[in-house]
Structure formats: C-alpha cells, structure tokens
Amino acid sequence: MSSLEPLAPAPPSRFVEPLRRLALSLGLASLLVGLFAAVASSDAAATLRAFYVSPFRSSVMMSAMAEAAAYLAVAALGVLVAYRSGHFSLGGEGQVYAGAVAAAFAGALAPSGPVGLLVALAFGALAGAAVGAPSALGRRFAGADVLLTSFLISQASILAADWLIAGPWRDPANNLVAMRAVPRASLLPRLAPPGPLTPAPIVAAALCAVAWFYFSKTRQGKALSLYGKNQLFAALMGYPVKAFSWLPILVGGVLHGLAGAFLALGSNGTAVRGISGGVGWSAIGVCLIAGNEPAALPFAALLFAWLDAGSRQAAIVSDLSPDAATVIKALVIMAATARPLLKRPKARGES
Amino acid sequence: MSGLAQLLASAAAGFMPLAAAALGGLATEYVGVLNIALEGLIMAGGFAYVAVGSAFGPWAGVAAGLAVPAVLAYLQDLFARKARADAFVTGLAFNLLVPGAASMISQAMFRTKGVVNLPALALPRVGEALAGAPVLGPLLFGHHAGFYVAAGAVAYAAARLGFMPFGLRARAAGMNPDALGLGGLDPQAIRSRAYVLSGMTAGAAGVALAGALGAWVPGLSAGRGWIALVAVYLGGKRLSGTVAASLFFAALLSLALVGQAAFSVPAELLSAMPYLLTAVAVIVGSAMKGHRAA
Numbered sequence: 001m002s003s004l005e006p007l008a009p010a011p012p013s014r015f016v017e018p019l020r021r022l023a024l025s026l027g028l029a030s031l032l033v034g035l036f037a038a039v040a041s042s043d044a045a046a047t048l049r050a051f052y053v054s055p056f057r058s059s060v061m062m063s064a065m066a067e068a069a070a071y072l073a074v075a076a077l078g079v080l081v082a083y084r085s086g087h088f089s090l091g092g093e094g095q096v097y098a099g100a101v102a103a104a105f106a107g108a109l110a111p112s113g114p115v116g117l118l119v120a121l122a123f124g125a126l127a128g129a130a131v132g133a134p135s136a137l138g139r140r141f142a143g144a145d146v147l148l149t150s151f152l153i154s155q156a157s158i159l160a161a162d163w164l165i166a167g168p169w170r171d172p173a174n175n176l177v178a179m180r181a182v183p184r185a186s187l188l189p190r191l192a193p194p195g196p197l198t199p200a201p202i203v204a205a206a207l208c209a210v211a212w213f214y215f216s217k218t219r220q221g222k223a224l225s226l227y228g229k230n231q232l233f234a235a236l237m238g239y240p241v242k243a244f245s246w247l248p249i250l251v252g253g254v255l256h257g258l259a260g261a262f263l264a265l266g267s268n269g270t271a272v273r274g275i276s277g278g279v280g281w282s283a284i285g286v287c288l289i290a291g292n293e294p295a296a297l298p299f300a301a302l303l304f305a306w307l308d309a310g311s312r313q314a315a316i317v318s319d320l321s322p323d324a325a326t327v328i329k330a331l332v333i334m335a336a337t338a339r340p341l342l343k344r345p346k347a348r349g350e351s
Numbered sequence: 001m002s003g004l005a006q007l008l009a010s011a012a013a014g015f016m017p018l019a020a021a022a023l024g025g026l027a028t029e030y031v032g033v034l035n036i037a038l039e040g041l042i043m044a045g046g047f048a049y050v051a052v053g054s055a056f057g058p059w060a061g062v063a064a065g066l067a068v069p070a071v072l073a074y075l076q077d078l079f080a081r082k083a084r085a086d087a088f089v090t091g092l093a094f095n096l097l098v099p100g101a102a103s104m105i106s107q108a109m110f111r112t113k114g115v116v117n118l119p120a121l122a123l124p125r126v127g128e129a130l131a132g133a134p135v136l137g138p139l140l141f142g143h144h145a146g147f148y149v150a151a152g153a154v155a156y157a158a159a160r161l162g163f164m165p166f167g168l169r170a171r172a173a174g175m176n177p178d179a180l181g182l183g184g185l186d187p188q189a190i191r192s193r194a195y196v197l198s199g200m201t202a203g204a205a206g207v208a209l210a211g212a213l214g215a216w217v218p219g220l221s222a223g224r225g226w227i228a229l230v231a232v233y234l235g236g237k238r239l240s241g242t243v244a245a246s247l248f249f250a251a252l253l254s255l256a257l258v259g260q261a262a263f264s265v266p267a268e269l270l271s272a273m274p275y276l277l278t279a280v281a282v283i284v285g286s287a288m289k290g291h292r293a294a
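So the sequences go chain by chain: A and B.
Under my numbering, the first residue of the first sequence is numbered 1, with each subsequent residue one higher.
Under my numbering, the first residue of the second sequence is numbered 1, with each subsequent residue one higher.
For the record, the hints were derived by calculation from the structure and aren't laboratory data.
Hints should not be assumed to be uniformly reliable.
In silico DSSO-like links for lysine-lysine, alpha-carbon gap of 27 Å or less [said to hold, decoys possible]:
| no. | chain 1 | residue 1 | chain 2 | residue 2 |
| --- | --- | --- | --- | --- |
| 1 | B | Lys237 | B | Lys289 |
| 2 | A | Lys217 | A | Lys242 |
| 3 | A | Lys229 | A | Lys217 |
| 4 | B | Lys82 | A | Lys242 |
| 5 | A | Lys242 | B | Lys289 |
| 6 | B | Lys237 | A | Lys229 |
| 7 | A | Lys242 | A | Lys229 |
| 8 | B | Lys113 | A | Lys229 |
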C-alpha cells in the first residue's frame with residue numbers, strides 16, 4: 001500500500017476539521033438566531049439586537065460572557081480528557097456541582113486571602129475527582145462501563161449536594177438556599193471592576209493550551225489518544241494501559257471540580273442550590289463542537305456563552321424565550337456531527 | 001393501605017414507566033444503535049399528552065403522547081442515517097432539544113414555562129375496589145389509567161422483541177446488517193422500526209407520568225430515561241434481564257420513597273440511595289462477569 005501513498009490526498013491539518021466545525025456551528029447558530037427572531041419573537045429587530053449588539057455593548061457584558069465561557073471550557077476539557085481515552089463520562093454535572101459546594105465550604109472555613117482561595121480551589125478539584133473516582137476505579141478493577149457509573153454517581157452526588165446546601169451547610173442568614181458566603185479576599189480577584197472578569201478565562205485558556213501540547217506534542221499524549229481508539233493495539237505497543245484505563249476519568253473529575261470551584265468563587269461568592277445549572281451537560285456539547293480538539297475548546301465555549309447571553313438579553317427586551325438558546329445549541333450540536341456538512345473537499349482522483 | 005401494600009403499589013407504579021422506556025431502549029440496542037434520547041422522548045410524550053390533551057381531551061392526549069415521541073425518534077434516526085451523524089451525539093442533542101422546545105411551546109401555549117397544572121388531565125384510577133386484595137391487588141389495581149397505557153406498551157414491546165419475528169430481525173440487524181440484506185430484508189427499515197418502538201414506549205412512560213399528575217412539570221422524566229438505559233445494561237441487554245433490572249430499580253426507588261415517611265433520614269439522601277446501589281450493582285456485576293470470562 002505504501003506505493004499508493006503519494007496519490008493519496010494530504011491529510012487535512014489537525015486544525016482544519018475543528019475550524020470547519022466551529023465555522024459551521026457559528027454560521028448555523030447565526031442562521032437559527034435569525035430564524036427564531038423572525039418566527040418566535042414579536043419584535044425581531046429587538047431580538048436580533050439582543051443577540052448581536054447587547055452582549056458586546058459593554059465591557060461588563062463581555063467579561064460576563066468570558067467568565068461563562070471559562071467554566072464551560074474547563075468542564076469541556078474534563079469531557080475531552082476522558083473522551084480521548086475512549087471513555088464517555090456523563091458525570092460532569094455532578095462533578096461540577098460537588099466542586100462548587102466543596103470550594104464554597106473550604107473557602108468559608110480557610111484563612112481569608114490567597115491561601116483560602118488556593119485551598120478552596122484545591123477542595124473543589126478534589127471533590128470533582130472524588131465524584132469521578134468510583135467510575136475510574138470501577139473501570140480499572142471491574143471493567144465497569146464509565147457511561148453508566150458516571151451518570152449514576154453524578155445523580156447521587158447532585159442529591160447529596162442539594163442536601164448539604166439546603167441542610168447542614170446552609171447559611172441561615174441568607175434568604176436564598178445558599179451556603180455561607182466566602183470572604184471577599186478568598187474569592188477569585190476581579191480583574192476589571194465593575195465587570196465580573198476574574199483570572200478564570202486565563203486559567204481556562206492556559207489549561208486548554210497545556211492539553212493541546214500534551215495531546216499533540218508529547219509521546220504520552222499521543223499514546224493516550226491511541227489507547228482511546230484501540231486499546232488492544234495500545235497494549236501491544238506496551239503503553240501503560242492500566243493507568244490509561246482510569247487516570248483520565250479522574251483527571252476529568254478534577255477539571256469538572258475546578259470548573260465548579262470557579263463558579264462558586266467567581267461572581268456567585270458561594271454555592272447556591274443548583275449552581276451548576278447544566279454546565280456539565282453543556283460541556284459535552286462544547287467538546288463535540290470543538291471536535292475534541294483542546295485548542296478549539298475556548299472558541300466553542302465562547303459560542304455557547306454568547307448564545308446564553310444573547311437569549312437572556314432577548315428574553316428581557318423581547319418575548320423570545322431564554323430556552324431558545326438551548327434549542328439552538330441542540331440543533332448546532334446535531335449539525336456539527338453531520339458528515340456531509342463536514343466533508344472536506346475531495347482531492348483530484350479521489351473517488 | 002398497609003405499609004407493604006403501599007410499597008407494592010408504589011413499586012408497581014414506578015416499574016411500568018421505567019420498564020416501558022427500558023424495553024424501547026432494548027429494541028434499539030438490538031439493532032446495534034442504543035437510543036440515548038429516552039430521557040428526552042419521555043418528556044416529549046408527557047408534554048404532547050398535556051399540550052394536545054388540553055385542547056382535545058385526555059384520550060387525544062394519550063394518542064399524541066405515544067405518536068409524537070415515535071415520530072421524533074423516527075426523525076432522530078433518519079437524521080443520524082442520512083447525515084451520517086453520530087447516533088449517540090444525536091441522542092444527546094435530542095435530550096437537550098426536547099426540554100428546551102417544550103418550554104418554548106409551553107410559554108406560547110400556556111403563558112408559563114413552569115408547571116402547567118390541568119386537573120382535567122389527571123387520568124382516572126382503574127379498579128380501585130380491587131386494590132385491597134392481598135399482594136396482587138396493590139400491584140395490578142387502583143393505578144391511574146396512564147399506568148395501564150405504560151403496561152400495554154411494556155406488553156407490546158416485550159411481545160415484539162421476544163415472541164415475534166421483529167425481535168430476531170432486530171438482533172440480526174445489529175449483529176450483521178449485510179447478512180440480513182442478503183436475506184432480502186432491509187436492515188435500515190428494521191432499525192427505523194426499532195427507533196419508532198423506542199419513541200412509542202418512552203412516550204407511554206411520559207403519558208403515565210403526566211397522566212398521574214394531570215400536569216406538565218419541567219424535568220418530568222427526572223432521570224428515568226437514563227435509568228432505563230442503565231436497566232438495559234444491567235439486564236445484560238436481554239429482555240428478561242431488562243425487565244428484572246427495571247423491577248430492581250423501581251423497588252429501590254419505591255423503598256426510598258416509602259423510607260422518607262418512615263425514617264428521619266433526609267429525603268435527598270434517601271433518593272440518592274437507588275443511584276448509589278445501582279452503581280454498586282453495575283460495578284460488582286462487571287467484576288463478576290470479568291471473573292467468569294477469566
């Protein structure tokens with residue numbers, strides 16, 4: 001077969017497919033926004049302004065969007081790490097929630113200041129890992145299906161977190177069902193007040209860059225990706241398959257937990273009931289739209305954050321339901337995996 | 001009603017919607033493409049029941065609750081096949097799409113995206129006089145009519161999968177579609193039928209849930225679609241196993257529900273127990289299977 005190789009079309013660059021996927025998603029999302037504005041809103045012009053102008057009108061709005069994208073990107077990176085190793089985890093939502101609760105708990109108890117912030121972040125990450133651990137260990141020692149166990153453990157942890165927030169850890173002085181507020185000095189610092197921008201987007205971008213480097217440039221990262229595609233072949237190659245079978249699931253939990261910690265230690269200032277708000281589920285969509293490419297994650301997360309911000313604004317200035325964003329996201333995710341839309345141009349002679 | 005009778009009635013009420021959805025999932029597992037969208041399809045069934053039932057009466061609602069998710073499941077499969085999209089991802093997207101769309105339609109129809117309470121849509125209880133009979137009484141009688149709709153869906157799906165040629169063909173389509181094609185049967189058509197069956201049975205589960213309440217509640221399915229998928233796996237992807245796993249999970253949920261009244265343990269922790277126990281069962285079951293294989 002090697003003699004035919006010169007005739008074969010050059011493989012597309014590693015970035016071409018995610019870029020094509022992102023461009024398609026953005027184009028389709030824009031089209032759907034226009035369609036929803038025309039069909040489901042009584043004031044199409046106001047709706048369009050809400051999507052295309054309002055989120056970019058002020059630095060406060062833009063920084064809020066960047067913050068939302070940061071949580072999504074970090075959680076999506078957690079999905080990606082597990083997915084690259086061949087495991088599809090549905091436990092993200094519970095891991096994010098557990099991370100938020102643990103970070104708020106530790107942040108309120110630890111000494112106020114940067115130490116408190118670091119302790120809170122560490123607790124958040126560890127809580128995410130703790131929720132991911134049964135699935136990881138179940139996979140390692142029993143070969144249990146990660147899809148099932150991650151979902152089940154996540155559901156249980158969501159209920160347990162609900163109980164903690166509404167029960168023993170509830171702040172009785174707060175009218176909301178929320179935990180004690182984390183001291184201001186232990187929260188993520190505001191970079192550009194009055195906007196909610198914190199270092200979270202920078203950390204998210206850095207983590208995505210590290211993941212890109214790991215998967216693209218290191219031998220172990222490539223070995224892990226190969227393990228995800230063919231475990232038997234990876235074993236034959238002598239790769240550390242035992243570690244690959246569970247460590248990525250745990251790392252995914254850490255990243256989800258960190259996303260939860262960012263949520264609690266950002267503009268929320270504590271953990272309120274339901275704080276994860278679907279971040280874990282949306283992260284799966286972000287990862288899919290990014291084509292499982294770490295470098296594309298921040299852009300896919302920004303796309304989702306824009307849709308959320310736009311639909312919230314549209315709900316205020318027009319009668320478009322904020323759920324329009326959810327519907328658009330779902331349709332974009334479906335389209336992003338449609339092969340005819342993603343098919344690269346055929347090279348000459350390719351049948 | 002005694003404690004045991006209450007427990008049995010609660011377990012039976014929980015079992016039917018779960019088993020209906022799980023058998024739909026099993027049908028798609030047979031054809032080799034597990035429908036991950038059961039959660040969304042249950043909600044589609046419940047919402048269609050309320051939306052159509054509010055205009056044309058509860059029985060028209062029941063018909064819509066079965067038909068709408070069946071059509072949605074057909075379209076889902078059609079999209080995945082024609083666009084050569086990942087069926088798993090398409091299913092995940094459907095789980096996102098249905099609650100969002102239901103909320104938008106609810107806003108337009110009922111001026112609320114929250115609970116739509118329509119007491120006229122609460123389906124009547126059937127055979128209440130017989131519910132007091134020992135053991136079988138609370139299991140079979142005194143439930144809402146939606147329970148029997150789900151029971152019908154369970155019986156229909158079980159018959160098609162276990163006792164009719166469709167079940168064999170579906171398994172053949174999953175194992176070797178080319179061989180099925182050589183035998184003169186269209187594997188794509190069989191896959192479509194399995195998806196339609198999964199939509200219909202999941203819809204029946206939605207009707208049972210919404211019909212019992214006489215209301216549309218956002219998040220109506222409350223994870224039952226996912227639990228149904230767990231039941232398919234826990235049951236070894238076999239008909240009898242899936243039914244038994246559904247029964248196991250329904251019994252756990254029922255125990256948690258009854259336990260909330262009996263013990264002073266927080267409701268959230270008791271509700272978490274079935275998920276934890278099932279996760280343990282999945283892990284232990286996998287370990288035992290691994291030992292047997294070794």
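### Task
Assess, step by step, whether the Cα of Lys113(B) is no farther than 27 Å from the Cα of Lys229(A), and give holds or violated.
Violated, at roughly 42 Å.
### Message
For a C-alpha distance cap of 27 Å, please report whether Lys237(B) and Lys289(B) respect it.
### Response
holds (14 Å)
### Query
Taken at face value, is the distance from the CA of Lys217(A) to the CA of Lys229(A) at most 27 Å?
Measuring from Cα to Cα gives roughly 18 Å; hence the hint holds.
### Message
What's the verdict on Lys82(B) and Lys242(A), does the C-alpha distance respect the 27 Å limit or exceed it?
### Response
violated (38 Å)
### Query
When you check the alpha-carbon spacing of Lys242(A) and Lys289(B), does it fall within 27 Å?
holds (19 Å)
#### Entry: Given pair status - Lys242(A), Lys217(A), alpha carbons within 27 Å
Cα-Cα ~22 Å, so holds.
### Query
Is Lys237(B) close enough to Lys229(A), meaning Cα to Cα at most 27 Å?
Between Lys237(B) and Lys229(A) the Cα gap is close to 24 Å, so the pair holds against 27 Å.
### Message
Can you confirm whether the C-alpha distance between Lys242(A) and Lys229(A) stays at or below 27 Å?
### Response
holds (15 Å)
Comparing the model with each earlier hint shows violations of hints 4 and 8; every other hint is respected.
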